[in-house]
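Going line by line, the protein sequences match chains B and A.
Heads up, the first sequence is in the numbering used here, so the first residue is 1493 and it goes up one at a time.
Heads up, the second sequence is in the numbering used here, so the first residue is 1493 and it goes up one at a time.
One or more hints might be untrue.
No copy labels: a pair is met if it fits in one copy or bridges any two.
[What the hints assert, rightly or not] No more than 27 Å apart at the CA atoms, straight line, and that leaves these computed lysine-lysine pairs for DSS-like:
1. Lys-1854 x Lys-1994
2. Lys-1854 x Lys-1932
3. Lys-1854 x Lys-1948
4. Lys-1890 x Lys-1535
5. Lys-1854 x Lys-1940
6. Lys-1994 x Lys-1932
7. Lys-1545 x Lys-1745
8. Lys-1750 x Lys-1854
9. Lys-1915 x Lys-1695
10. Lys-1695 x Lys-1750
11. Lys-1545 x Lys-1948
12. Lys-1545 x Lys-1854
13. Lys-1890 x Lys-1940
14. Lys-1745 x Lys-1994
15. Lys-1940 x Lys-1695
16. Lys-1749 x Lys-1695
17. Lys-1994 x Lys-1940
18. Lys-1854 x Lys-1947
19. Lys-1811 x Lys-1854
20. Lys-1994 x Lys-1947
Simulated from the structure, these hints should not be mistaken for laboratory data.
What follows is each chain in one-letter form.
Number of protein chains: 2
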Amino acid sequence: MEPSTSYCFPCNPPINIFSSETSSYSKDFNPMNPEDFRHKAHKAVDFIADYYKNVETYPVLSQVHPGYLTNLLPETPPDTPESFDTILRDVQNVIIPGVTHWQSPNFFAYFPATISSAAFVGEMLCTCFNVVAFDWLASPAATELEMVVMDWLATMLHLPKSFMFSGSGGGVLQSTTSESILCTLVAARDRVLDEIGVEHIAKLVVYGSDQTHSTYKKACKLAGIDPRNVRSIPTRVEDEFSLTPIVLQEVIKADLKKGLVPVYLCVTTGTTSTTAVDPIIELAKVASKYRMWVHVDAAYGGSACICPEYRHFLNGIEKVDSLSLSPHKWLLSYLDCCCLWMKNPNLIVGALSTNPEYLRNKHSESNSVVSYKDWQVGTGRRFKSLRLWFIIRSYGVKNLQNHIRADIQMAITFEQLVRSDVKFEIVVPRRFSLVCFRLKQFNGFDTKGIEFVNKKLLERVNSMDRVYLTHTVVGGIYMLRFAIGATLTEERHVISAWELIKEIANTMVNEHL
Amino acid sequence: MEPSTSYCFPCNPPINIFSSETSSYSKDFNPMNPEDFRHKAHKAVDFIADYYKNVETYPVLSQVHPGYLTNLLPETPPDTPESFDTILRDVQNVIIPGVTHWQSPNFFAYFPATISSAAFVGEMLCTCFNVVAFDWLASPAATELEMVVMDWLATMLHLPKSFMFSGSGGGVLQSTTSESILCTLVAARDRVLDEIGVEHIAKLVVYGSDQTHSTYKKACKLAGIDPRNVRSIPTRVEDEFSLTPIVLQEVIKADLKKGLVPVYLCVTTGTTSTTAVDPIIELAKVASKYRMWVHVDAAYGGSACICPEYRHFLNGIEKVDSLSLSPHKWLLSYLDCCCLWMKNPNLIVGALSTNPEYLRNKHSESNSVVSYKDWQVGTGRRFKSLRLWFIIRSYGVKNLQNHIRADIQMAITFEQLVRSDVKFEIVVPRRFSLVCFRLKQFNGFDTKGIEFVNKKLLERVNSMDRVYLTHTVVGGIYMLRFAIGATLTEERHVISAWELIKEIANTMVNEHL
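Input sequences plus hints: build the corresponding full structure.
The structure is reproduced here in structure tokens:
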């Protein structure tokens, strides 16, 4: 797997990065001439197609050192234009060496950031129109298409009508899970504060497990929840790191005794560390006793639920208040795209709406249309639904289901390979397309020792420039995460990655490390 | 100005929108085949170039009725693929009629959402890499290029070194002004709460004027500031609707007497209604007495400050804590792109950082690199700096300055045309490229009457399908806003728009309306 010839950095730094070659300075400056645009954008398309074709040849994890780019680029901006070809050449020679290639088929770190031709074109059109679709009139198509695709996706997930516009709820595209949690948390917070008085904000208490994504804590901080009232309920390996209803109940009771007011519970379908799945039905039952808002963060795992055989992970979803899922993780949509559905969008609108004179029009005043600016943090918003519309129409539900199945099948293959080697073990059951594994106790190592050799193994594997995977620590156990799902990954990449891991592990054993 | 022939909706609804024509169903589903991508993306480029070429021929403001698209599209997603050409044809026939064309040269509403060939290509590459650049290692180039362009733009604005990475501060790309205000407000809030205790959050009080953008109130709500403690200090026409330091001082003193704790002041450089400019030096002086965080929202007006002759609007910027500016408004960058600079990024990092095991690596642990995830609401983030890098290099600072000047020159032309007609008046002094004007008192109308005729005028002008402008009400005065700056706007569009406005006004006068 040799780097392509065009990859001439840092061994061969490109000559004349900032040459004096410039386009002629124009007095009639025209930044959007359609023919000039056509010419440059076609060049960019070829550049990008070639990138996807060659991405396998780059080291997955960037090999640069901190400050590499700061040192290469001038400290001050150019006064006069530089040519398009110069800049595009610098993308190849200066930027790409500093890119960690999430699109490499050998990228198995974190969770994948998936892509597709369809979504790319949808994104191009979103960029093209560049509408600021804060309300209906600012671009009716942007609001209505978002409503349509949110209902389509809800249909694919078999969500109840209470989450759909065609029922009594509705969905919105947020940027990130953080934003989804923040907005619903604020809606939940204000519902309670409206009853008990805003001065009691410091009494509010919110719940998640120690496996809930870190972004949840950030959202709580942003929303002004007292950090001492953000519960991270411990999970155990015996429960496969899922949140236990009985423990939740106990924690809530203790909080009530202290005079605190439970307000929000974040349930996870597919945690980041190990894809643990919290039991929605039982947790919602506990929460309902205390009239808490229940949010399901299905950022990663939710996508699998478009397949009937995995839909059970969302069983009980009709009992919760909101659900978020990020198609940029597993539904081919590119960043940033997080779907949020709510049973009662009026609560979020009540918490977030502003109605300044300069944005008023007869439609917004009539309340007959959705004003998405009141469903999110910002006022401005892009026409992002085009991406999902292109994906669903271009591929159809069946292909999207098969895409999920193919990734899970590759994970099963990897899992079997790990199991077939006595030196290794699967640490937690595989549910989706993430495999958590490690070198077992060997050579008489104790717990510390086994953590050390697994760290060493990860370091050596990643240092080969051929694959990239990451780690986690759950329940005190250090483990390697092998996340399958980069769009270009095929079975052969998974098998090669395993052979590399096995080979390095064997060397380590032989070295008596 | 006839609609183009391809614009066949709603008069000629396209036949077979959802025909049975489908691509063949593939078992080897491959959503990113580079050659398939190349083929489709080239088609999309031509579609988009043609859109920009023809955008002038579309009605600026969409003429559809609520529910138009919901009625046209099927309620459920397709099971099997539809062809690319079918979908692209639907963009033309189904989506475009529902688009309010912010890119039309006849779009004078709100503030412009500017575009450029350079930024489009930058955005394509951002999409292409699709890195999740939450920290340095996740893509070093994404973090470092953002640091470089934030310093470049700071240099263009003559910001002090205290806002730059090359000095003691730093900048970050946020999505929206809301996010910039929210994050800095939370940093300011927590700085104070660390001293007085989080249980005192309900005592915090924040300040802006009645002209501060509505998004400020939303950010305060999100951050858990008691809505009763969000001050909208009244402004007056005599002060050109800018916030008066002496009034601020009085309001603060009254709050202190009540036992409240001043924490944050939002100053605006170019308000949304009338582009009023708050006096930074004097306001910062008042705020400093109470150790408040001062943020400058220069979302629109800030871009003009890259020209030496307008830089004075930011005089005193060295006295404040943070500054935000949205290049998607006036610096050709497409949405969403809001620059935020801070003197003390550690405060935002302290408020927002989370450090989960699964995101740890030796670089993030060493604190030697910037982890932008701790500077924003979300964890995930895109490689958005590519857009600004392409813009600044492709055009150079001089062209960008001339671009600002050309827009302001067109606004001066429009202002002169308004002034040349005795029926009209300029309501507030023009500062940038927005002109606020109205029909003067005539035909013996009182205040209510003149508001009525101006509303009527706006309605009639917009109903012609040829231009789109909006209104505001400030200090009780209803006025029309003519915002120049859509990238494709030339002087001839401004003159035509004026002639249309004048013609309709004349008709109204003749009708004795």
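These are the hints, each one checked on the structure:
no. : hint                : verdict
1   : Lys-1854 x Lys-1994 : between (66 Å within a copy, 24 Å between copies)
2   : Lys-1854 x Lys-1932 : between (67 Å within a copy, 24 Å between copies)
3   : Lys-1854 x Lys-1948 : between (64 Å within a copy, 13 Å between copies)
4   : Lys-1890 x Lys-1535 : between (34 Å within a copy, 26 Å between copies)
5   : Lys-1854 x Lys-1940 : between (67 Å within a copy, 19 Å between copies)
6   : Lys-1994 x Lys-1932 : within (13 Å within a copy, 82 Å between copies)
7   : Lys-1545 x Lys-1745 : neither (57 Å within a copy, 65 Å between copies)
8   : Lys-1750 x Lys-1854 : neither (49 Å within a copy, 41 Å between copies)
9   : Lys-1915 x Lys-1695 : neither (50 Å within a copy, 59 Å between copies)
10  : Lys-1695 x Lys-1750 : both (9 Å within a copy, 22 Å between copies)
11  : Lys-1545 x Lys-1948 : neither (32 Å within a copy, 58 Å between copies)
12  : Lys-1545 x Lys-1854 : neither (50 Å within a copy, 31 Å between copies)
13  : Lys-1890 x Lys-1940 : neither (47 Å within a copy, 60 Å between copies)
14  : Lys-1745 x Lys-1994 : neither (49 Å within a copy, 70 Å between copies)
15  : Lys-1940 x Lys-1695 : neither (41 Å within a copy, 48 Å between copies)
16  : Lys-1749 x Lys-1695 : both (12 Å within a copy, 26 Å between copies)
17  : Lys-1994 x Lys-1940 : within (21 Å within a copy, 82 Å between copies)
18  : Lys-1854 x Lys-1947 : between (62 Å within a copy, 12 Å between copies)
19  : Lys-1811 x Lys-1854 : neither (36 Å within a copy, 42 Å between copies)
20  : Lys-1994 x Lys-1947 : within (15 Å within a copy, 75 Å between copies)
Going down the numbered hints, you'll see the structure goes against 7, 8, 9, 11, 12, 13, 14, 15 and 19, while the others check out.
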